[in-house]
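On the provided structure of chain W, position chain R as indicated by the hints.
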Amino acid sequence: MVKIKVPLDILTYLVVALGLGPLFLWLDVPVQVIVFGAFIAGILCDKRQRYWFGSRLATALTLLFFIFYSLQINLNNVVLPVINVLALLLSIRLLTEKQGRHYLQMFALSLFCLAASSLLSLNIAYLPALILMVAGVTIGLVLLTFYQRSPGLRLQRQQLSILLKTATILPVGSLLLMLILFVVLPRTQYPLWNFLNPKNSAKTGFSEQVQPGTFARNVADKSVAFRVKIKELAREDLYWRGTVLTTITGKVWTRESPQGPRRAIVGGQTIDYTLTLPPTNERFLFTLDLPEEIEGISHQVDNDQVFMARRQLEKSHSYNGQSRLGGQLQQPSNWNRDLYLQVPSTLSSRIKLIADTIRQQTDSLSQRVVLLEDFFREQKLSYADHDLPVSTAPIDEFLFTKKRGYCEFFASSFAQLLRLCEVPTRLVGGYHGGEYNNIGGYYVVTEDLAHVWVEALIENRWQRIDPSRLAVNADSALLAPRQQGLSLFKRTVDGAEYLWTQVIINYDLRQQINLVKFSGQKLKNIVPGVVSIRTPLLILTVLVALITLLIWLWRRQRISPEGRLLKRYQKAIIKKYGLQAIDKNCGLLEFAQQLDDPHAIKFARYLSSFLYTDQSLTDDDVHALNVLIDTIIVSSRNNQIP
Amino acid sequence: MVNQLAKQREILSVIDTLSGHYLQGKVRALRLAMIALLADGHLLLEDIPGLGKTTLALALSRALGLSFGRIQCTSDLLPSDITGLSIFDREQNNFRFIKGPIFNHILLVDEINRAMPKTQSAMLEAMEERKVTIEGTSYSLPHPFIVIATQNPLEQIGTYPLPESQLDRFLITTDIGYPPSQLEKDIIRDGGIRNKMIQIQPLLTLNDIELAKQAVATIQLNDKLVEYILAIAQASRGHKFIAAGISTRGAISMAAAARAAAYLDGRNYVIPEDVKLIAGPVAAHRLILRPEHRSLNHREVLLSIFNDVPVPLV
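The listed protein sequences correspond, in order, to chains W and R.
1 is the number of the first residue of the first sequence in the UniProt record's numbering; add one for each residue after it.
1 is the number of the first residue of the second sequence in the UniProt record's numbering; add one for each residue after it.
Please note that the accuracy of each hint is not assured.
[Claimed, not checked] Capping the alpha-carbon separation at 30 Å, the derived lysine-lysine pairs in DSS-like fashion look like this:
| id | chain 1 | residue 1 | chain 2 | residue 2 |
| --- | --- | --- | --- | --- |
| 1 | W | K5 | R | K240 |
| 2 | R | K276 | W | K490 |
| 3 | W | K576 | R | K131 |
| 4 | W | K402 | W | K380 |
| 5 | W | K490 | W | K222 |
| 6 | W | K571 | W | K602 |
| 7 | W | K584 | R | K276 |
| 8 | W | K3 | W | K251 |
| 9 | W | K584 | W | K567 |
| 10 | R | K276 | W | K567 |
| 11 | R | K240 | W | K602 |
| 12 | W | K315 | W | K222 |
| 13 | W | K47 | W | K3 |
| 14 | W | K571 | R | K276 |
| 15 | W | K222 | W | K402 |
| 16 | W | K567 | R | K224 |
| 17 | W | K222 | W | K3 |
| 18 | R | K224 | R | K213 |
| 19 | W | K576 | R | K276 |
| 20 | W | K403 | W | K352 |
| 21 | W | K165 | R | K240 |
| 22 | W | K165 | W | K47 |
| 23 | W | K3 | R | K240 |
| 24 | R | K224 | W | K571 |
| 25 | R | K240 | R | K131 |
| 26 | R | K224 | W | K575 |
| 27 | W | K403 | W | K222 |
| 28 | W | K575 | R | K276 |
| 29 | W | K602 | R | K131 |
| 30 | W | K602 | W | K575 |
| 31 | W | K352 | W | K402 |
| 32 | R | K240 | W | K584 |
| 33 | W | K584 | R | K224 |
[To be verified] Calculated from the model, a selection of chain W residues having no Cβ within reach of chain R, i.e. all distances over 12 Å:
| id | residue |
| --- | --- |
| 34 | L339 |
| 35 | Q570 |
| 36 | D583 |
[What the hints assert, rightly or not] If you anchor each label on the Cβ, the simulated ranges turn out as follows:
| id | chain 1 | residue 1 | chain 2 | residue 2 | range |
| --- | --- | --- | --- | --- | --- |
| 37 | W | K3 | R | N297 | 25 to 35 Å |
| 38 | W | V544 | R | R249 | 52 to 62 Å |
| 39 | W | R605 | R | L78 | 46 to 56 Å |
| 40 | W | V542 | R | D308 | 47 to 57 Å |
To be clear, the hints were calculated from the coordinates, so they are not data collected in a lab.
No residue lacks a Cβ here, since even glycine has one placed at the ideal position from N, Cα and C.
So that you can see chain W by itself, here it is in the shape it has in the complex:
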């Protein structure tokens, strides 16, 4: 025997955990502590049947919390105080004695908590939490009706299992309904509150400017920058192009969009991929270096192969790209060469001296690059992300004093030195590396892989040079962390999140409809005979109808003629006498005699002579029995012979 309170309590705590779980990280720290403590204490209180709070104290505390957080609410801060209050209300409810309506309150508060979490994040965990919550609350409500009626009710395990099985029908039904609503209803593709009010925290990773010497420490951020569905590539090919920086003012590199016709790409091997960007405030469209074109998103492209979206990427987007691995961009003759040779006047004499030495050694631009690379190697520079040069002349400090820095130091100093050597140079910002998920067949590129490298114009072609590779510890500090390989668990989790983004978050009914329309147009082009989408639609409808008919016939075949007659008879009887169902323990004749319906008795006798003998029904018998059923339907109860 099981007390009805036991499964009800278990379900309630499950529902509360599901409500508070996704919200937990967003709560204030004291509230987190209270919530966690209340959850544990609540279970203990229920077990001992002794409660910490009386109803008066609970009401007083509720009011207190409510007032405290109401005072914090302003136009910029609405959701966070509200979720804190919700969590606190739930905590207080956990610590007080629970009667029927209190369970109902806890269910409602948990549901609100889960709903509130979707304002802050559209994490993949939301879906399982929601499904479990719907199941938990509906089954909980069924148990609650029993509990409310008789709190001391005890059920046998078998009864309880039947009750739970029956109650499970409700959530299954509501989940099916949810599936339909998912397709039909519009929804937001980004967490509403967090998108409207982006956090003011500094974000590491890719930025529009390169400014070495601003931070003493570069903090790695493991959040996903984008994912790329592509075949697995060699590590040295994984350069993701974002922007090109042309102009240096002081120590800040900025972009000046180059004007002019598009340039040709020579050499290299063509490769296709699909890139998915999460919602962002930027407009950069990343591509595999060196990109040719992208499609599937409204964009503009500059002649240095930098792609920008025309609109801000406020929701997740996917686009297809085509690149040439190892390709080089040709520079036409009429161009502003001075733009790529400009250097700040504040460069130290030591740097200028190095440049002069190299320049005097050779006239060949490619030789000068080699000499400069040699100089970098000789300096024994190391790649690091802490204890960085922070001064007004970071390049000088980097090259001669501290001899440590991250990619921006390497790229910026290398570019400036090349420019001093009269080699046209620019910086390229983007990402380098990526973790390949071979379950999903895509690369995950995280913010900590942001990278800057150099492009130098040699023999009228822009060639990629990555000065960070010249660091003495390049292999261990630069390259190794960029391709560590993911554990199976991480790959699976990330694969699920990728699927979640592609299928759920990016789901757009309009897009699906457009796809159907687009397919129709394509079909018209491919098959000239097809005049419109109507013909294939008609064929499809006929096919569906045919399959339905076949299934119906097959199912009909499976039921014997006696079975069909019996079904029809039972339906007629149920309808005529307004019954719920026919008792399974009651014989056909016995039941007809109970009804005292002469037609039913006749039918029962007639059909029994086939049901319980080896005799088979003839068409005449079937007809006669059907006529009897018709008579049962037609004859009103009043006309019956008593």
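Frame of chain W; chain R shown alone:
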């Protein structure tokens, strides 16, 4: 080929005549007695004295035109009082077997629970074997042969209640019950019918009964019904109130009785209702309840089993 409903009308007319003129209000008991006869079984009437148990047996034997024997059981009744005994014939100078009352078509054993177990056992054995062996010689009992035993369930002193294993030998156990008030008034006014018994003329011949029994044996019992009976037997075996459920012999008895019931209803096939109809009289007395549930009514327990087993339809 045997006519599957041969002599059914005649059998029914016996029931109608008896219940219409002589045994008013005893149709059910009469039908059950007829089922027992047709299914080649024996009948135990359990009721208080004075409700017409003996009358029923007497009337039946006369209407059927069968020979009738009667034993009034007492505690000093010996097996030989039932079976008969050998006596020395001085003229012939040898032993001569004198047949006891058991050598009749219908044997009324009144108050069977008053006989001592040894006598009960000898009689029940003869019922089952349909022959009597005395001093090395076997004597077959007449055919058809039916024992109609009676016992008073309320009497305790000086009785030897039939053990369950012996009860199992009776195909049907039933009560008779009081007649309806109006009928009882008539009986009180007109007196008993014992005197009228002599007027009852045989309605059937021995051959008729034989044909009817053959017909009953050919009544169709569909596989669905066999499964139904088995399901009920199995359900009784696993029932929480029951120590020993319906045995295989019990299930065979149910099938035989259901056939006879179908025959009486004018059908050459058995339907689940037949099984339900005979289940109480045929199976209830075979259930051995657990000690803690002894006070429960056997029929109620059996009914609960029927409520758990769905009737076969398609």
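Each hint tested on the structure:
Between K5/W and K240/R, the direct Cα distance comes to roughly 28 Å. Compliance with the 30 Å bound is thereby established for this hinted pair. Distance restraint check for K276/R and K490/W: the Cα-Cα separation of roughly 65 Å exceeds the 30 Å cut-off, and the hinted pair is therefore not satisfied. Using a Cα cut-off of 30 Å, the hinted pair K576/W and K131/R is violated, with the two alpha carbons roughly 58 Å apart. Simply put, K402/W and K380/W have alpha-carbon atoms about 11 Å apart, close enough for the 30 Å limit, and the pair holds.
Distance hint between K490/W and K222/W is fulfilled; the C-alpha atoms sit about 13 Å from each other, no more than 30 Å. Proposed proximity of K571/W and K602/W is supported: the alpha carbons are some 17 Å apart, at most 30 Å. A threshold of 30 Å between alpha carbons decides the hint, and for K584/W with K276/R the separation of about 14 Å falls inside it, so the pair holds. For the hint linking K3/W to K251/W, the alpha-carbon distance of about 74 Å lies beyond 30 Å, and the restraint is violated.
Straight-line distance between C-alpha atoms of K584/W and K567/W comes to about 13 Å, which keeps the hinted pair within the 30 Å bound. The straight-line distance between the Cα atoms of K276/R and K567/W is roughly 23 Å, inside the 30 Å bound, and the hint therefore holds. About 39 Å separates the Cα atoms of K240/R and K602/W, which puts this hinted pair outside 30 Å; it is violated. With a CA separation close to 20 Å, the supplied pair K315/W and K222/W stays within the 30 Å bound.
Restraint check: the Cα-Cα separation between K47/W and K3/W comes to about 13 Å, which is no more than 30 Å; the hinted pair holds. For the suggested pair K571/W and K276/R, the alpha carbons sit about 25 Å apart, so the restraint of at most 30 Å is met. About 27 Å separates the Cα atoms of K222/W and K402/W, which keeps this hinted pair within 30 Å; it holds. The straight-line distance between the Cα atoms of K567/W and K224/R is roughly 18 Å, inside the 30 Å bound, and the hint therefore holds.
The hinted pair formed by K222/W and K3/W fails the criterion: a straight-line CA distance of about 48 Å is larger than 30 Å. Between K224/R and K213/R the CA atoms are separated by roughly 24 Å; this keeps the pair inside 30 Å, and the hint holds. Under the criterion of a C-alpha separation no larger than 30 Å, the hint pairing K576/W with K276/R is consistent with the structure, at around 27 Å. Distance restraint check for K403/W and K352/W: the Cα-Cα separation of roughly 18 Å lies within the 30 Å cut-off, and the hinted pair is therefore satisfied.
Distance hint between K165/W and K240/R is fulfilled; the C-alpha atoms sit about 25 Å from each other, no more than 30 Å. With a CA separation close to 26 Å, the supplied pair K165/W and K47/W stays within the 30 Å bound. A C-alpha spacing of about 23 Å is found between K3/W and K240/R, which places the hinted pair at or below 30 Å, so the restraint holds. Of the supplied pair hints, the one linking K224/R and K571/W holds, its CA atoms being roughly 23 Å apart against a limit of 30 Å.
Simply put, K240/R and K131/R have alpha-carbon atoms about 39 Å apart, too far for the 30 Å limit, and the pair is violated. As the CA atoms of K224/R and K575/W are separated by approximately 28 Å, the hinted pair is consistent with the 30 Å bound. Taking the CA atoms of K403/W and K222/W, the gap is about 27 Å. The hint holds against a cut of 30 Å. Proximity of K575/W to K276/R is assessed by CA-CA distance (about 27 Å); at most 30 Å being required, the pair is judged to hold.
Distance hint between K602/W and K131/R is unfulfilled; the C-alpha atoms sit about 46 Å from each other, more than 30 Å. Between the alpha carbons of K602/W and K575/W the distance comes to roughly 19 Å, so the proposed pair stays at or under 30 Å and holds. Note on K352/W and K402/W: the hinted pairing holds, with a Cα-Cα distance of about 19 Å set against a maximum of 30 Å. Taking the CA atoms of K240/R and K584/W, the gap is about 22 Å. The hint holds against a cut of 30 Å.
The hinted pair formed by K584/W and K224/R meets the criterion: a straight-line CA distance of about 15 Å does not exceed 30 Å. Listed as a non-interface residue, L339/W keeps its Cβ farther than 12 Å from every Cβ of chain R; the least gap is roughly 90 Å. A cut-off of 12 Å between C-beta atoms contradicts the statement that Q570/W is not in contact with chain R; the least separation is 9 Å. The non-interface label for D583/W is inconsistent with chain R: the shortest C-beta to C-beta separation is roughly 9 Å, within 12 Å.
At about 33 Å, the CB distance of K3/W to N297/R agrees with the hint of 25 to 35 Å. At roughly 59 Å, the beta carbons of V544/W and R249/R sit within the given window of 52 to 62 Å. Under the hint 46 to 56 Å, the C-beta atoms of R605/W and L78/R, about 52 Å apart, fit the expected range. Distance hint check: the CB atoms of V542/W and D308/R are about 49 Å apart, consistent with the given range 47 to 57 Å.
Hint violations for this structure: numbers 2, 3, 8, 11, 17, 25, 29, 35, 36, all remaining hints satisfied.
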